[in-house]
Amino acid sequence: MKIKRDLINFNDGLALESGAKLDSFELMVETYGELNNEKSNGILICHAFSGNHHAAGILEDSEEPGWWDNIIGPGKAVDTDKYFVVCSNNLGGCAGSSGPLSINPVNKEPYGKNFPGVSVIDWVNSQKLLSDYLGIKKWHMVMGGSLGGMQALQWSISFPESLNKVGIFAAAAKSSTQNIAMNEVGREAIRKDKNFMNGDYLHHDIRPKSGLKTARMLGHITYSSEAIMDQKFGRNFQDIKSKIDRDVDYEVENYLQYKGEKFSDIFDANSYILMTKAMDGYDASFATNGDLEKVLSRVKAKLLVVGFDSDWLYPPQRSKEIQLAAMNVGVACSCVILEGEQGHDSFLFASQRYVDIVKGFIES
Amino acid sequence: MNIELKNIITNWIPNESKVIDFGCGDGSLLKDLIDQKSVCGYGVEIDHIKIQECILKGISVIEKDIDEGIQDFESSNFDVAIMASSIQCLKEPHIALRKMLNLSKQCIVTLPNLGFWKCRLDLASGRMPVTPNLPSSWYETKNLHLCTIKDFEKLCENEGFSINERFFLNDKGNKSILSKNIPNTFASEGVYLLAKK
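Line order of the protein sequences matches chains V and D. Heads up, the first sequence is in this note's numbering, so the first residue is 1 and it goes up one at a time. Heads up, the second sequence is in this note's numbering, so the first residue is 365 and it goes up one at a time.
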């Protein structure tokens with residue numbers, strides 16, 4: 001598989017939904033496979049909240065395979081032998097695209113908490129500029145899971161002529177009250193970390209790691225399901241030798257400690273707040289005063305909506321709402337609810353039926 | 365689905381209408397209706413393999429158990445709802461028919477006729493009927509509510525459904541004089557276009 005990673009500069013900048021303007025910005029982009037002569041085989045992957053541009057394969061020996069490596073690759077559901085697959089780190093992230101860790105050209109200091117708030121619509125607009133840069137007038141498909149699924153949906157609304165198909169997995173047309181509530185607990189953990197310094201921690205050369213860790217531990221619980229936690233850890237005790245912390249009793253505690261710790265090493269707290277705010281703020285029907293059908297009536301692409309039974313963060317009902325609103329206004333839309341025992345995270349795993357459906361939809 | 369039946373259904377579907385096919389199977393009827401009548405079509409199916417076939421054909425398919433209710437779809441304003449050879453498999457066919465006519469102006473229903481003479485012969489000889497329209501053995505069949513042509517038309521009368529058109533096919537899948545004139549005995553399958561009175 002041919003993999004390329006590029007940092008692409010957009011000197012014309014971007015007017016943001018909030019009214020602010022980024023005078024210039026950069027997107028970190030990975031591509032897999034090759035664009036055909038007609039430039040008709042492009043598939044754009046939108047990552048979830050904490051994901052990044054590294055969706056598949058391995059570019060450097062030291063790194064792990066991309067976050068959707070079991071879905072994207074030669075012969076896989078998203079077949080890189082046939083399609084030119086693109087994934088970019090969202091604006092405001094912390095994996096290379098412009099965000100709170102980037103240097104503000106005005107004062108030559110990191111933006112930190114002053115990086116402007118961005119929205120799902122801003123991400124789609126920035127990716128439209130990326131499409132123009134790549135010379136892709138029409139994506140064969142735009143797809144993603146969770147927040148990435150919301151972004152894919154917004155693509156079909158913002159630029160109906162610029163894509164043929166849309167894949168919306170474990171997502172919703174808007175964040176629910178419960179989603180916002182969960183995110184607020186995570187943000188509160190970060191804000192109350194004494195190292196957060198009201199978002200100015202970069203100036204003090206410290207990181208609010210403890211708050212980030214707590215936020216991520218809660219996150220992992222919401223991404224999982226009762227059944228999979230039982231199955232993976234049960235009530236097993238962590239053995240003494242591999243305990244991360246001596247206060248830990250159970251395997252599940254140790255797992256959350258480990259995952260939280262790892263995340264707090266690599267993720268930026270201001271990005272965390274910015275990304276979760278973007279997620280909370282998303283409502284596809286905001287511009288039409290809550291009328292989802294009205295906003296979907298402009299969609300021209302074919303939609304595939306996939307929900308997972310064990311997902312309680314974006315439960316199957318959220319998928320069915322998108323399907324019904326689309327059908328009410330005559331937009332082509334398929335909807336399947338898969339068993340997926342991994343909870344919200346199910347969209348990341350390549351179960352046979354999921355792979356068949358996604359591959360079938362892409363190649364139909 | 366045989367050609368005669370497909371032709372009957374296709375002729376009843378207006379051009380560019382909005383159609384929902386309950387129990388759409390592999391989506392081949394919807395595919396024909398999209399190709400020939402430019403319909404805006406949706407299929408509802410529960411079988412995983414058939415859902416996959418629909419997706420491969422590019423048909424919009426919704427995974428759903430019709431018995432769990434289709435009232436959600438009332439907001440979709442369909443022109444025609446189709447239920448081909450599935451009505452007898454539902455837990456409450458009469459309620460499903462009511463709901464179909466709530467979400468669609470017209471409704472096409474096809475059903476096997478238990479009054480067909482070969483079924484009567486099978487029963488008279490002491491065996492459960494097995495015919496081209498009722499191919500499964502009693503222990504394998506998904507049919508829960510089999511009825512005769514007379515039974516079905518009585519239900520339509522009781523429920524206040526108007527039968528706008530109907531055709532009767534013999535066990536070769538053809539319209540014949542016998543199946544037309546004495547359907548309760550000589551039709552293997554009934555095909556109905558229903559609407560609310």
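Worth double-checking, as some hints may not be accurate.
As the list claims (entries may be wrong) - Derived SDA-like pairs (lysine to any residue); straight-line CA-CA distance at most 20 Å:
id : chain 1 : residue 1 : chain 2 : residue 2
1  : V       : Lys-359   : D       : His-412
2  : V       : Lys-320   : D       : Gly-433
3  : V       : Lys-192   : V       : Gln-257
4  : D       : Lys-370   : D       : His-412
Honestly, the hints are just simulated from the structure, not real lab data.
Status of each hint after checking the structure:
| no. | hint | result |
| --- | --- | --- |
| 1 | V/Lys-359 to D/His-412 | holds, 15 Å |
| 2 | V/Lys-320 to D/Gly-433 | holds, 14 Å |
| 3 | V/Lys-192 to V/Gln-257 | holds, 19 Å |
| 4 | D/Lys-370 to D/His-412 | violated, 24 Å |
Hint compliance for this structure: hint 4 alone is broken.
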